[in-house]
Amino acid sequence: KQEVTQIPAALSVPEGENLVLNCSFTDSAIYNLQWFRQDPGKGLTSLLLIQSSQREQTSGRLNASLDKSSGRSTLYIAASQPGDSATYLCAVGAGTALIFGKGTTLSVSS
Amino acid sequence: NAGVMQNPRHLVRRRGQEARLRCSPMKGHSHVYWYRQLPEEGLKFMVYLQKENIIDESGMPKERFSAEFPKEGPSILRIQQVVRGDSAAYFCASSPTMSGGQAKNIQYFGAGTRLSVL
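Line by line, the protein sequences are chains Y and X. For the first sequence, the tail end lands on 110 under the numbering used here, and the numbers increase by one without skipping. For the second sequence, the tail end lands on 1118 under the numbering used here, and the numbers increase by one without skipping.
Fair warning: there could be bad hints in the mix.
The following label-pair restraints were derived from C-beta to C-beta distances [claimed, not checked]:
| # | chain 1 | residue 1 | chain 2 | residue 2 | range |
| --- | --- | --- | --- | --- | --- |
| 1 | X | H1010 | Y | N18 | 19 to 29 Å |
| 2 | Y | I7 | X | P1008 | 34 to 44 Å |
| 3 | Y | R61 | X | S1087 | 31 to 41 Å |
| 4 | Y | I7 | X | K1044 | 15 to 25 Å |
| 5 | X | G1016 | Y | G60 | 41 to 51 Å |
| 6 | Y | S69 | X | R1114 | 38 to 48 Å |
| 7 | X | G1003 | Y | Y31 | 35 to 45 Å |
| 8 | X | R1020 | Y | R72 | 18 to 28 Å |
| 9 | Y | K42 | X | G1085 | 17 to 27 Å |
Taking lysine to aspartate or glutamate pairs in the EDC-like style, the calculated list, with each CA pair at most 20 Å apart, reads [unchecked claim]:
| # | chain 1 | residue 1 | chain 2 | residue 2 |
| --- | --- | --- | --- | --- |
| 10 | X | K1044 | Y | E3 |
| 11 | X | K1044 | Y | E56 |
| 12 | X | K1027 | X | E1068 |
Derived by calculation from the structure, the hints in this document are not laboratory data. As the structure is a prediction and not an experimental result, all values here were calculated from the model. Where a beta carbon is used, it is the ideal one built from N, C-alpha and C, also for glycine.
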């Protein structure tokens, strides 16, 4: 059974820091891996999608990597800003459903 | 091109009432998925539907919950005789179809319906 774990559960950093969020999954047979952002009381915003054949994807200050063999993905956020404060969710696509981690709640202070 | 539309955004029900949540997929998408996010929990898959068919309902509670996606109109997630434990955010996602008829493996999410049971 696929399980997705995100570490840390919460993270507080000062503005301007570079940071890494971690996601691990137990079964390497995945179609893709997706990182989402969720603001309090809001829906999900897709940040980056990595297909199983890819190693990384970049969008602006965000870079996501995927290592299927080790069951890991990282989301790198460069030069963090207060507006980056949100919960970041990792989800793996395997079969019908997306399997989500519980998320990392990020707080960036000015 | 409008995204996935869910309504209502917020729904308050008393114990024992029925809750009906609606989801209109993105234009051209014929695959719909429902997920539930309980407080302090991650999103959990509930059900996957195509037009007029339930494809995978392995995540649906066995009682009181049902889902449909009729030929015309939105997908409906129905919860009968709601209890306080049903309070959660319910998200709908849709995906397009590949040439072979299968869902393309990317899902687009709506803003969710937040159900509160008093």
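These are the hints, each one checked on the structure:
| no. | hint | in the structure |
| --- | --- | --- |
| 1 | H1010/X to N18/Y: 19 to 29 Å | 37 Å, violated |
| 2 | I7/Y to P1008/X: 34 to 44 Å | 35 Å, holds |
| 3 | R61/Y to S1087/X: 31 to 41 Å | 36 Å, holds |
| 4 | I7/Y to K1044/X: 15 to 25 Å | 20 Å, holds |
| 5 | G1016/X to G60/Y: 41 to 51 Å | 48 Å, holds |
| 6 | S69/Y to R1114/X: 38 to 48 Å | 39 Å, holds |
| 7 | G1003/X to Y31/Y: 35 to 45 Å | 22 Å, violated |
| 8 | R1020/X to R72/Y: 18 to 28 Å | 41 Å, violated |
| 9 | K42/Y to G1085/X: 17 to 27 Å | 23 Å, holds |
| 10 | K1044/X to E3/Y | 11 Å, holds |
| 11 | K1044/X to E56/Y | 26 Å, violated |
| 12 | K1027/X to E1068/X | 18 Å, holds |
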